[in-house]
Amino acid sequence: MAEHNGDGSASGMTQKWADSDIRDVLSESAKNIGAGSPTDAGRRWRLPTEREDPIVLAGGIPDMPTVPVADFQESILAVLAEETEDAMNYGGWLGFEGLRESVAKRQSEIEGIDVTPDHFIMHNGSSGALDNVCKAFINPGDVVIVERPSFSGTVRSMQGYMAEIVEVDIDKDGISVDDVRQALAEATAAGKTVKFVYTIADYHNPTGATMNLERRKALLEL
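Counted the way our numbering counts, the sequence shown spans residues 31 to 252.
Quick caveat, the hints were computed from the structure, so don't treat them as lab data. Computed from a prediction, not measured in an experiment: that's the story for all the values here. A few of these clues could be false.
[Stated by the list, open to error] Derived SDA-like pairs: lysine to any residue, alpha-carbon spacing no greater than 25 Å straight-line:
1. Lys225 x Ser157
2. Lys202 x Val185
3. Lys247 x Val227
4. Lys202 x Arg245
5. Lys61 x Lys165
6. Lys247 x Glu216
7. Lys247 x Ala231
8. Lys202 x Leu250
9. Lys247 x Gln189
10. Lys135 x Glu113
11. Lys222 x Gln189
12. Lys135 x Gly125
13. Lys165 x Ile143
14. Lys222 x Ile195
15. Lys225 x Ile63
16. Lys61 x Lys135
17. Lys225 x Gln189
18. Lys165 x Asn235
[Unchecked claim] Ranges between beta-carbon positions, derived for each pair:
19. Glu131 x Ser156: 18 to 24 Å
20. Asp54 x Asp144: 35 to 41 Å
21. Thr79 x Ala48: 35 to 41 Å
Quick reminder that beta carbons are idealized off the backbone N, C-alpha and C, glycines included.
Build out the structure end to end from the sequences listed, making use of the hints.
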């Protein structure tokens, strides 16, 4: 409890916290993922350069001069005017129903298959979607095979669910299927459960590689 001085300060509480180590009460999940990087927090890296406006490729932070701010403003105002109640209310966890209906209609036309809004869940970016995948499938100690290097945001999500991360190599043609096969065999021999393989097949982050068709087929056959 706070011990206030006459001036209203809580120096007693401050002193008590100073004698404590927050790591003693952190969850194992929080300890496992650590504090993260500036990119994880949505901030730019501070590069050792004297340039006032360097091009930073460390994270997917937008180049502001290319962002269509006026178009966004117009769209936001239109939604607020036309869909006021829905726009100012909580949405369901599946995402905005009108958007799910539009996506289902579009994909049905493009793919030539019959899909409904129930086939889609809307997320706040890929990290939100991947976090839900981790929540649905990963138990502590499960193995997830990832490329080396890979997108740090997703790896952090997996670590937050106490997955064992096993890295395999990647080259200009994508993930090494032979390395994946070996990792699967080693995990199985050790009695571990491999829940999934996380690969970025197109425009890999951060290498830029795109997996060729032969490797895609070989990976699916595993």
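Does the structure keep Lys135 and Gly125 at a Cα separation of 25 Å or less?
Holds: Lys135 and Gly125 sit about 16 Å apart, inside 25 Å.
Item to check | Distance restraint between Lys247 and Glu216, which requires alpha-carbon spacing of 25 Å or less | outcome: Roughly 22 Å between the alpha carbons, so the hint for Lys247 and Glu216 holds.
Does Lys165 pair with Asn235 here, judged by a C-alpha cut-off of 25 Å? Roughly 23 Å between the alpha carbons, so the hint for Lys165 and Asn235 holds.
Point to revise | Restraint check for Lys61 with Lys165, where alpha carbons must lie at most 25 Å apart | key: With Cα atoms ~18 Å apart, Lys61 and Lys165 stay inside 25 Å; holds.
- request: Would you mind confirming whether the straight-line C-alpha gap from Lys247 to Gln189 stays at or under 25 Å?
  value: Violated, at about 28 Å.
* Asked: Is it true that the CA of Lys247 sits at most 25 Å from the CA of Val227?
  -> With Cα atoms ~14 Å apart, Lys247 and Val227 stay inside 25 Å; holds.
Check: Given the proposed pairing of Lys247 with Ala231, does the C-alpha separation stay at or below 25 Å?
Finding: holds, 12 Å
Are the Cα atoms of Lys135 and Glu113 separated by 25 Å or less? Status holds; Cα separation ~21 Å.
Would the hint linking Lys222 and Gln189 be met if the CA-CA limit is 25 Å? Distance ~16 Å between Lys222 and Gln189 Cα, so the pair holds.
| At the C-beta level, are Thr79 and Ala48 separated by a distance inside 35 to 41 Å? | holds, 37 Å
Margin query: Need the status of pair Lys202, Val185: alpha-carbon distance at most 25 Å?
Written below: holds, 21 Å
Quiz prompt | Given pair status - Ile195, Lys222, alpha carbons within 25 Å | solution = This hinted pair holds, its Cα atoms lying about 12 Å apart.
Comparing the model with each earlier hint shows violations of hints 9, 13, 16, 20; every other hint is respected.
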